[in-house]
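Student: Residue numbers (the numbering used here), protein chains in the order written: chain A, 639 to 1038; chain B, 639 to 1038.
These aren't lab readings, by the way, just hints derived from the structure by calculation. A portion of the hints provided could be inaccurate.
Since copy identity is lost for identical chains, a pair holds within one copy or between any two.
Claimed, not checked - Here are the simulated lysine to aspartate or glutamate pairs, DMTMM-like style, with alpha carbons at most 20 Å apart:
id: 1; residue 1: K815; residue 2: E968
id: 2; residue 1: K1000; residue 2: D796
id: 3; residue 1: K645; residue 2: E669
id: 4; residue 1: K1009; residue 2: E975
id: 5; residue 1: K1009; residue 2: D781
id: 6; residue 1: K845; residue 2: E1033
id: 7; residue 1: K993; residue 2: D888
id: 8; residue 1: K713; residue 2: E1033
id: 9; residue 1: K713; residue 2: E997
Protein chains: 2
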Amino acid sequence: MSFGHQKVESRRLLLREIAQRGPLPRIDLAERTGISRATVTAITSDLLRGGLIAEVPRDTQPGEPARGRPRVDLKIAGQAHLVAGLKVSDASISLVLMDFQGTHLADHERSMPQARQSPDALATEIAAGLTRLAAQCGRNLTDISGVGVGISGIVDADHGLVYWSPSLDQRNVPLGKVLTNLLGIPAYVDNDANLVAMAELTFGLGKDHSDFIVITIESGVGMGMVLGGQIYRGTRGCGAEFGHTKVHLDGALCRCGQRGCLEAYVADYAIVREATSVGGISVTASTSQAVTAILAAARNGDPTARTVIDRASRMFAMGLANLVNIFDPELIILAGEQMQFDHLYADAVMEQMRKSIVEIDKPPPEVVIHKWDNLMWAQGAAAYALEFVQDTAVEALEDV
Amino acid sequence: MSFGHQKVESRRLLLREIAQRGPLPRIDLAERTGISRATVTAITSDLLRGGLIAEVPRDTQPGEPARGRPRVDLKIAGQAHLVAGLKVSDASISLVLMDFQGTHLADHERSMPQARQSPDALATEIAAGLTRLAAQCGRNLTDISGVGVGISGIVDADHGLVYWSPSLDQRNVPLGKVLTNLLGIPAYVDNDANLVAMAELTFGLGKDHSDFIVITIESGVGMGMVLGGQIYRGTRGCGAEFGHTKVHLDGALCRCGQRGCLEAYVADYAIVREATSVGGISVTASTSQAVTAILAAARNGDPTARTVIDRASRMFAMGLANLVNIFDPELIILAGEQMQFDHLYADAVMEQMRKSIVEIDKPPPEVVIHKWDNLMWAQGAAAYALEFVQDTAVEALEDV
């Protein structure tokens, strides 16, 4: 480990700490990080000179005498960088723009011509969305220092490689590179559920937890895992797969081509497929509208609809219970935007889950429900990019 | 973080490094740990004075001139401490004695009067086994600095608390405390499958891996997970539960009182239960002998036996595939001692597993089979205790 490397590491550590805990005084930084006061003074001076942090007058406590040298806290310099985040959905792209401090500056929703397209077509849509987003703040696309991209499917985040996504018409797309080349700014791609976990960790319900699971419920089921304060991605970059874990040997056919996947029972298409298979319920509308109709029928006592929804809920509870048995997390966050999946959040489902986990004489993990809109997904993507932008900014400081 | 705390941490780090990599020269320690050469010299001098490490002459490379000051490497001082490990099974306790370097000194197998007993009765059996083990080396029980205990069931290792075990007739047994009080030496209790993972990590097939899963196959199915080079235990101390994950909604009744657990399909009792349920196969011997007979019948083409074994194998493959989907590990180690579970290791089972994981254009995780005897379980328990004994020894050094 060279001295230069240690210096960059210490800068990175202090910048992160200021980002997470600031504004705070230098003395707190020394205590929190174990870095000596002298080194904290030297490094924060570098960060100040580089414009990454700023000094702010300390709020005086009521009753505190305001004598002597005015004391200052350190905070992130918001204007230092612009960071964008976006989430690719079937019908639209949701985008947000943040400053270096994570403050929301603008957002934009761009509808997509089609759900599934070529990498170049998707990249062009994204570029157009980002350009419009930057323009809302009177800025250019190239003023943005980094963009985080959340996409559903199987993604190797370290390499920005999308093995497979319902939004792309090809496998093994190096989407990070495609976007970075087209946009002229670095793009960081990850599975959308991982980015929801990132958002929960950074500014959501997971802020005070180091080990939790986020289950996202949209038209399919996604999962993000935070272990020891880090997103867990597995060794090939495709871990934390929940929707295609098997809940029935040789079970229902799944869109992935296998059988018995959780999604083959709980996804919207699975609900519609089953409900219409016996002829009692007919569907002429979109899948989403059809699910709404089936849920309404179930609530009104239609026995077929009730049986269909009941099985989906119980399969979901079984899948959740398996996660608890394997991970024993502190907290499970059920996140989603669509009211149509309310049945999966029901108390009865949680009760069923609790009955299917290994019983010990301690309370089961807390389960919280967090209803989100697409903007929150995009904010998770921006939080992901922000970490890289921080690191790049710290590395660039070397030459100051 | 006080200076004293930092010193203890550096001592701990260097002792671990010497234990894992030694014999090695001081300069390598400085390079590997990032601790300065001067500090390495000071700290290793403390460790030498405390008798925890020793200097050994460096092996001269062929052709290397043997001139100048004789160079020395550092290694663990084997005689510094005795450490024991044991595994509690249905019919016996297997014990090993190691020195501070992890060298095997003695082992002993003690048969148990009954599989399920009171905490005091089990502790008495363990004390007798340890006394006999120490005597084999001309030592006393109290010469042992620490003992690791592996037991099947659900264990909060941090507190030595056994929530439930088939070897105990009570729930919520503070077995660590019970043993420490009776033996007069510190006892460290963990789930036996975690200790197999520990053994694989310390001196087994996982030595060069930081993320792997160990599945133990005995009369039931256990799991140990290593993530980032650490045993993963979950937040309530009861994670990594595999045998009671559910593979069938409202499925076969399990001994745990729930339905559809993996064990309810693959454990020995489950195989016998199913095979005898249709009257074609009759069983008069022990469960273990019965499983052997059913497997032989399957091999000889008995259609009922084949159907029974086939489902168990496919359920096992499905459970494994779910773990791969969730964790995406580098390596899966299937560890067990009993040849009777050969069918679960079969190529066809592994093939079935590979067909049920999310397909990406990268090879699936490596699966290796490691046949073990009870002694290896006990060695894992000793490796677990050894870490605590190292830490205690380093803390005691403060007063030198």
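Student: Taking each numbered hint in turn, which are not upheld by the structure, reported in ascending numerical order?
Tutor: Structure breaks hints 1, 5, 6, 9.
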